[in-house]
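Chain P is fixed; fit chain U onto it per the hints.
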Amino acid sequence: MNRPLEQDIRELLDVSVNRLVEEAQASGAKAIGYTCSYVPEPLIGVAGLVPVRLRAPGVAGTPLADTYLSSVICPYTRSLLEFALDGKLNPLDGWVHAGSCDHLRRFYDNLEYLVKPDFNHIIDLPHKSGAEALQWFVDELKQLALGLERHFGVEVGDQQLSDAINTHNQCVDLLTSIGELRKSNAPPITGTEFHTLVTASSVSPKKGMIKRIEKIKATLAGSQDIPKHRARLMLAGSQLDDPGYIGVIESMGGLVVADRLCFGTISGLDRIELNGDPITALARHYLTKASCPRMMENFRDRVKTLITTAKEYRVDGVVVQVMKFCDCWGVEANPLVKALRDAGFPVLRVEREYSLTGEEQLKTRIQAFLESIGK
Amino acid sequence: MKVSVNERGMVSRISDSAMRATYQAGNWMKLGLFGIRNGPVATLADLKKYPWMRNIFQSGKLLHTMTGTRTGPYAKANAIVISDIVTSILDMIRDMKKNPDTLVLHEDLVPPEILYGMGLTPWMTEFLGLALPLVNNTSMEPYIDAAENDGIPPDICSLVKSTIGLVLRNELPKPRAIVSSNMPCDGGMSSYTLIEKQLGVPIFRLDIPFDFYNERAITYFVGELKRMIAWLEETTPGRMDWDRMREVCEERNRFVELEVELWDLVRQKPAPMAGEPIYLSHLIYGICNPGRQRGTRMMERVIECAKELQKKGAGAIPNEKYRVVLWNPPTVVFPDLFVWAEQAYGVSMVMDMLTYNRHPFIDTSSPDSMLRGMAQVIMQGPMARHTRGPAENFFGDLFNLYEQFDLDMIWMAGHIGCKNTQALNGMLREKCRERNIPLLIIDYDLSDTRVVSPDDIRRQIEQFMETVMKAERLDGKGAGND
Numbered sequence: 033m034n035r036p037l038e039q040d041i042r043e044l045l046d047v048s049v050n051r052l053v054e055e056a057q058a059s060g061a062k063a064i065g066y067t068c069s070y071v072p073e074p075l076i077g078v079a080g081l082v083p084v085r086l087r088a089p090g091v092a093g094t095p096l097a098d099t100y101l102s103s104v105i106c107p108y109t110r111s112l113l114e115f116a117l118d119g120k121l122n123p124l125d126g127w128v129h130a131g132s133c134d135h136l137r138r139f140y141d142n143l144e145y146l147v148k149p150d151f152n153h154i155i156d157l158p159h160k161s162g163a164e165a166l167q168w169f170v171d172e173l174k175q176l177a178l179g180l181e182r183h184f185g186v187e188v189g190d191q192q193l194s195d196a197i198n199t200h201n202q203c204v205d206l207l208t209s210i211g212e213l214r215k216s217n218a219p220p221i222t223g224t225e226f227h228t229l230v231t232a233s234s235v236s237p238k239k240g241m242i243k244r245i246e247k248i249k250a251t252l253a254g255s256q257d258i259p260k261h262r263a264r265l266m267l268a269g270s271q272l273d274d275p276g277y278i279g280v281i282e283s284m285g286g287l288v289v290a291d292r293l294c295f296g297t298i299s300g301l302d303r304i305e306l307n308g309d310p311i312t313a314l315a316r317h318y319l320t321k322a323s324c325p326r327m328m329e330n331f332r333d334r335v336k337t338l339i340t341t342a343k344e345y346r347v348d349g350v351v352v353q354v355m356k357f358c359d360c361w362g363v364e365a366n367p368l369v370k371a372l373r374d375a376g377f378p379v380l381r382v383e384r385e386y387s388l389t390g391e392e393q394l395k396t397r398i399q400a401f402l403e404s405i406g407k
Numbered sequence: 002m003k004v005s006v007n008e009r010g011m012v013s014r015i016s017d018s019a020m021r022a023t024y025q026a027g028n029w030m031k032l033g034l035f036g037i038r039n040g041p042v043a044t045l046a047d048l049k050k051y052p053w054m055r056n057i058f059q060s061g062k063l064l065h066t067m068t069g070t071r072t073g074p075y076a077k078a079n080a081i082v083i084s085d086i087v088t089s090i091l092d093m094i095r096d097m098k099k100n101p102d103t104l105v106l107h108e109d110l111v112p113p114e115i116l117y118g119m120g121l122t123p124w125m126t127e128f129l130g131l132a133l134p135l136v137n138n139t140s141m142e143p144y145i146d147a148a149e150n151d152g153i154p155p156d157i158c159s160l161v162k163s164t165i166g167l168v169l170r171n172e173l174p175k176p177r178a179i180v181s182s183n184m185p186c187d188g189g190m191s192s193y194t195l196i197e198k199q200l201g202v203p204i205f206r207l208d209i210p211f212d213f214y215n216e217r218a219i220t221y222f223v224g225e226l227k228r229m230i231a232w233l234e235e236t237t238p239g240r241m242d243w244d245r246m247r248e249v250c251e252e253r254n255r256f257v258e259l260e261v262e263l264w265d266l267v268r269q270k271p272a273p274m275a276g277e278p279i280y281l282s283h284l285i286y287g288i289c290n291p292g293r294q295r296g297t298r299m300m301e302r303v304i305e306c307a308k309e310l311q312k313k314g315a316g317a318i319p320n321e322k323y324r325v326v327l328w329n330p331p332t333v334v335f336p337d338l339f340v341w342a343e344q345a346y347g348v349s350m351v352m353d354m355l356t357y358n359r360h361p362f363i364d365t366s367s368p369d370s371m372l373r374g375m376a377q378v379i380m381q382g383p384m385a386r387h388t389r390g391p392a393e394n395f396f397g398d399l400f401n402l403y404e405q406f407d408l409d410m411i412w413m414a415g416h417i418g419c420k421n422t423q424a425l426n427g428m429l430r431e432k433c434r435e436r437n438i439p440l441l442i443i444d445y446d447l448s449d450t451r452v453v454s455p456d457d458i459r460r461q462i463e464q465f466m467e468t469v470m471k472a473e474r475l476d477g478k479g480a481g482n483d
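Going down the list, the sequences are from chains P and U. Under the working numbering, the first residue of the first sequence carries the number 33, and numbering increases by one thereafter. Under the working numbering, the first residue of the second sequence carries the number 2, and numbering increases by one thereafter.
These are calculated hints, taken from the structure and not from any lab test. Any given hint could be a false lead.
Unchecked claim - Derived CB-CB ranges, DEER-like:
1) P/E385 to U/Q199: 41 to 51 Å
2) U/E149 to P/N217: 39 to 49 Å
3) U/N171 to P/G93: 15 to 25 Å
4) P/P95 to U/M11: 56 to 66 Å
5) U/Y214 to P/N122: 31 to 41 Å
6) P/G240 to U/N171: 31 to 41 Å
7) U/D242 to P/E329: 26 to 36 Å
Stated by the list, open to error - Straight-line C-alpha distance at most 35 Å; calculated DSBU-like pairs for lysine-lysine:
8) U/K227 to P/K407
9) P/K407 to P/K62
10) U/K49 to P/K370
11) U/K98 to P/K370
12) P/K243 to P/K174
13) U/K175 to P/K370
14) U/K322 to U/K471
15) P/K356 to U/K198
16) P/K215 to U/K198
17) U/K432 to P/K148
18) P/K343 to U/K198
19) P/K356 to U/K432
20) U/K198 to U/K98
21) U/K198 to P/K395
22) U/K471 to P/K336
23) U/K49 to P/K321
24) P/K62 to U/K432
25) P/K321 to U/K198
26) U/K432 to P/K174
27) P/K370 to U/K432
28) P/K370 to U/K198
29) P/K238 to P/K249
30) P/K120 to U/K432
31) P/K321 to P/K215
32) P/K336 to U/K175
33) P/K336 to U/K49
C-beta atoms are modelled at their ideal positions from N, C-alpha and C, and glycine is treated no differently.
Chain P with its partners taken away, still in its complex shape (with noise of 0.2 Å):
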């Protein structure tokens, strides 16, 4: 098969801090690596600065970090401690966290301890997303802001902000365009080559990545030979940045055609209105959009887009993959599953280290999970 997806985007995923960044770097700019969905990445991608969503690939182990932060604590965040205490995470000049959940907190509080970057700053993040706790995070972005141009000594105004929004909002476009292809009876892109691509984009400055869009984009267009499927999957659930985990469950016979994921389509590509102030635009985009079970008031929201998503892409199933010890994902993963089979969709609840492991498991689960629905 003639598969758009060229060899040196994968090659992105292989490593923390990929050569993009690096050339990047090489020209000046500096790398901020960020944790969560939450950190306002347009924020620290304007001129003169990379964002780099972090990532462990192939991480084999982690006694280091559970010497710090225990077995019980997420394997993304002891996987990044890991790297951080490896040095693989050395070429980052800066880290930019939010206090999203218990796990991240403390992965900045050891991370503090252990390396003390030059840069490390924590966005306290409102739980709600009301005018007050709108107004609270504006002003926390105002000091990230604030605390970028004074360590970097870049500028974060308006027109900056604008610009790296915009760029922002052209990369998301370019892959939305190409995410809906998948509600076509017969994609052109498998959830797995999507979701490097998505991956691919979070983790590489944005300019070089549209261009490499742009070209895959155009490649899609006569390419429909994507592996035969039994059904339409919708993957949901939290930090899943290993594309081989879909590639897994596409071999069952699953195609992934839409997905909830932090590195994925919900809500990651959703754009930034730019309407007025940037830091408030950017404030409200990420306050209200990026709807992660860490957020108190918005349970309702979150299944609503679920549901109307599946309806859309003509999922036949939903699989939910929480991370284990996610405590926002583990206890909302049970009335998840419940409104989504209430309304209709057999759902698939599997439990996740984050490293790619238990492969056969997950084959057998699918296979399961695809027979138990008919397909």
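Relative to the frame of chain P, chain U by itself:
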């Protein structure tokens, strides 16, 4: 006439037995009166609807556990506190049954003062998960199983699972409204999505900033409290009566003043009070049921007991060898932990994490000042201050109190489901090592003895005491021979 040592011992034993019998009779009388006032048929129906109520009838066991081997004013202080626990639980049940229209479920770290001020009837959602294991340490296991069988991951805090289980089994009263927050942990916060859905009642959630030691955070949170009051006035028959609120806050201040006095007493060596009269009294009237005159009276009586010992230059425990803090949620599944540790090694538990917070007094001069005080109380409350904010909050408190109470070691109650604090244990070990502070991290589960049994907890302590502290057994028993 001279009285010999043996005779004094005998008199003391008789006096202790009489005191125990008096309190035991008092507790039975309260239970009996509850049954009579409630009506036998209604009580039987309640026991069927709320099977956990049966555990309350085992309160005699708790009294025996806490006072059976303790003596004098220390035993009496324990009996006073246990008697108040029985009263508090029975009052909660009575109020819940009497006032269903004003019943509000509140999360454990959203204190009920404001609800009292509004004439509402509070029921702390997590109360049963905290209180019942004290009388029956396996009482929460059916509820934990119910939660896990419904799909809640086993690694979630067992207090959260206990509460979810109670809700899933319809064993919590249906309230008029719920108030919760983002404290103390993600598991607790998220559980309210499920609780709201299951109970089908409106909910208000308080949002507490991550880093709250600043004016901006206080202002934001005062706004949250105002919005909560407005919402409660719309949703329930409750109306804020600022005079009533002032009375509640002033009563709370009196209790805090007394508690600070108790702290001053226990700073002395040997400590004239220890263990449960310190931590259970705070749990009942500092956290679960604050602002009540009964709480103030109870604290006065505990202090009287401490002063009686202080006058004699005696400690609460006869042979205080070591002073310890129990950090993190207490080991409620092993309620007699300190009864045993006192006798085995002369360990005096003088402070714990739930009790140790800065107790700001509430300025009652105006509604705004009261709300501002309440905002600080909530944000700086136990666990809230330790599981929010940067790690400095957690370590700052711990090392401050280590000095303040002249401690010999730290026992970290390493509740397996408390991920927030599990993720600090590595730093804690190193920071204690730097300060030359002996540290024991006890592996246990807050509400589930099947994870770590009381015997296992005891063994961990024995190993630590004998290998690290080089302690001698005072009870003549060897490790593992209790």
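A quick look at each hint next to the structure:
1. P/E385 to U/Q199: 41 to 51 Å: Between P/E385 and U/Q199, where Cβ atoms are some 30 Å apart, the hint is violated.
2. U/E149 to P/N217: 39 to 49 Å: holds (41 Å)
3. U/N171 to P/G93: 15 to 25 Å: violated (44 Å)
4. P/P95 to U/M11: 56 to 66 Å: holds (60 Å)
5. U/Y214 to P/N122: 31 to 41 Å: holds (32 Å)
6. P/G240 to U/N171: 31 to 41 Å: Given range 31 to 41 Å: violated, Cβ gap about 57 Å.
7. U/D242 to P/E329: 26 to 36 Å: Hint holds: Cβ distance 28 Å, inside 26 to 36 Å.
8. U/K227 to P/K407: violated (54 Å)
9. P/K407 to P/K62: With Cα atoms ~49 Å apart, P/K407 and P/K62 exceed 35 Å; violated.
10. U/K49 to P/K370: Satisfied, since the Cα-Cα distance of roughly 29 Å is no more than 35 Å.
11. U/K98 to P/K370: holds (32 Å)
12. P/K243 to P/K174: holds (31 Å)
13. U/K175 to P/K370: holds (21 Å)
14. U/K322 to U/K471: OK: U/K322 and U/K471 at ~12 Å, within 35 Å.
15. P/K356 to U/K198: holds (24 Å)
16. P/K215 to U/K198: With Cα atoms ~32 Å apart, P/K215 and U/K198 stay inside 35 Å; holds.
17. U/K432 to P/K148: holds (16 Å)
18. P/K343 to U/K198: holds (24 Å)
19. P/K356 to U/K432: holds (29 Å)
20. U/K198 to U/K98: Holds: U/K198 and U/K98 sit about 23 Å apart, inside 35 Å.
21. U/K198 to P/K395: Roughly 33 Å between the alpha carbons, so the hint for U/K198 and P/K395 holds.
22. U/K471 to P/K336: This hinted pair is violated, its Cα atoms lying about 61 Å apart.
23. U/K49 to P/K321: violated (46 Å)
24. P/K62 to U/K432: Holds, at about 33 Å.
25. P/K321 to U/K198: With Cα atoms ~23 Å apart, P/K321 and U/K198 stay inside 35 Å; holds.
26. U/K432 to P/K174: The given pair, whose Cα atoms are some 34 Å apart, holds under the 35 Å limit.
27. P/K370 to U/K432: violated (45 Å)
28. P/K370 to U/K198: holds (11 Å)
29. P/K238 to P/K249: Holds. P/K238 to P/K249 sits at ~16 Å (cutoff 35 Å).
30. P/K120 to U/K432: holds (26 Å)
31. P/K321 to P/K215: holds (22 Å)
32. P/K336 to U/K175: Distance of about 27 Å is within 35 Å: holds.
33. P/K336 to U/K49: Violated, at about 38 Å.
Against the hints set out earlier in the document, violations occur for numbers 1, 3, 6, 8, 9, 22, 23, 27, 33.
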